[in-house]
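If you read the protein sequences in the order shown, they are chains A and B.
Residue 83 in the numbering used here is what sits at position 81 of the first sequence, and the numbering runs on without skipping anything.
Residue 114 in the numbering used here is what sits at position 73 of the second sequence, and the numbering runs on without skipping anything.
Simulated from the structure, these hints should not be mistaken for laboratory data.
Take the hints with a grain of salt, since some may be wrong.
[To be verified] Where chain A lies over chain B, by a calculated footprint (3+ residues, C-beta under 8 Å):
(1) 49–62
(2) 120–133
(3) 136–144
(4) 150–164
Keep in mind that this is a model prediction, so the values were computed, not measured.
Yeah, the Cβ is synthetic: ideal placement off N, Cα and C, and Gly gets one too.
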Amino acid sequence: MQILYFAWVRQKVGLGQEALDLPADVADVAGLIRFLSARSPGHAAAFAQAKQIRAAVNQEFCAPDHPVRNGDEVAFFPPVTGG
Amino acid sequence: MARILVQEACFDVAAEQALLAEGRVDVGGIAAFTGLCRADDGISALVLEHYPGMTERALEKIVAEAEARWPLTGCTVIHRVGRILPGEPIVLVLAASRHRSAALEACAFLIDWLKTGAPFWKREEFSDGRERWVEARASDDAATARWAG
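Isolated chain B (complex conformation) (with noise of 0.2 Å):
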């Protein structure tokens, strides 16, 4: 059911919200939080590494686990890799439901989730050429600890 992509290319949001409501009038809502590159102390470009098989096994456990706790008709979770540019969107994700309150609630779960349970990383790129590791932030872990139990 749920849509899962690992990427390069970019995701048009319009289209992907459509597949989720496409042949079916029992979709009350659909939610979305799409997670952009931000020009943080000027970078140049944000460069996404992943561990490919694992990436893909995770982010299906994590979906799994929104659909078990919502009635979700549709969910997509699209993450780009490689080179992204600021201003460029870097993961999508949407959670289609027959209430609103389900489809936002699966929504933030799954982002929050996301961001402390795939491996990915991120590298920071200077103009002039110097570069940088993305730190986990400890609000991240907060931000996912709080669906537990």
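Only chain A is shown next, with the shape it has when bound in the complex (with noise of 0.2 Å):
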């Protein structure tokens, strides 16, 4: 699956983008978050405020609990701020 980083949660990762291969435990959004925590410091730094977090599954804004699965794109990012 591939996992794409925006704005400071891109900084703080180090990475834009990463393709993985999702765990068999992993089922939803906040589980993939708990994953990705322990993949690096700069991972675990960017997902400390858990608050400050928003994802989108396969482009649709989506919550912690929506389910995720090997082949969707999955993006993390702050809250939005365009306009």
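Take the two lone chains and join them into the complex the hints point to.
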């Protein structure tokens, strides 16, 4: 699956995107965040403030309990500030 | 029908407005909102980042919602990305309709929704090299919420 990071989440992780195989025990966005947080100190720092993290699965905004599957495009970012 | 653009280049408000009336005589009014880059706290530039692909999808959904709510004859949303200097335009929303109320309401709806429903992020740059990500504002969520239901 493809994981994308934007804005300060991207800066803290140190990557714009990465490909990975979804672990069998990860079922939803919240689980994916827990898994990703353990990948590096940068990931841990990016996800430390859980309330400041928003997610999109296959380019649709979604809640932490949204299911994720291998093959999904999942993006993590701060609350949007366009306009 | 709608014209939706995400681009680094600046836009020409008059030319965009003319496009909405070109070749037709049923347009009674075009409401326009242009968002500009303020020099808050002495920033030297704003850098706009977005999520290519999702941004366009999100804008299309917001425009489709406006078209479902109001009888628009046309609609334009142009959002710039990249480095924007104080005083420069960031975003343009145009809504055209037979009558002003639909045009004005749709224009306000579009800019309110765009601020909370499309994946753009602003980073402020200062002349001394500092940078700061703009934080989302509760007032923007409240502005969007007034259109619920």
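Quick rundown of the hints versus the structure:
no. : hint    : result
1   : 49–62   : violated (count 0)
2   : 120–133 : holds (count 3)
3   : 136–144 : violated (count 0)
4   : 150–164 : holds (count 11)
Taken one by one, the earlier hints fail for this structure at numbers 1 and 3, listed in ascending order.
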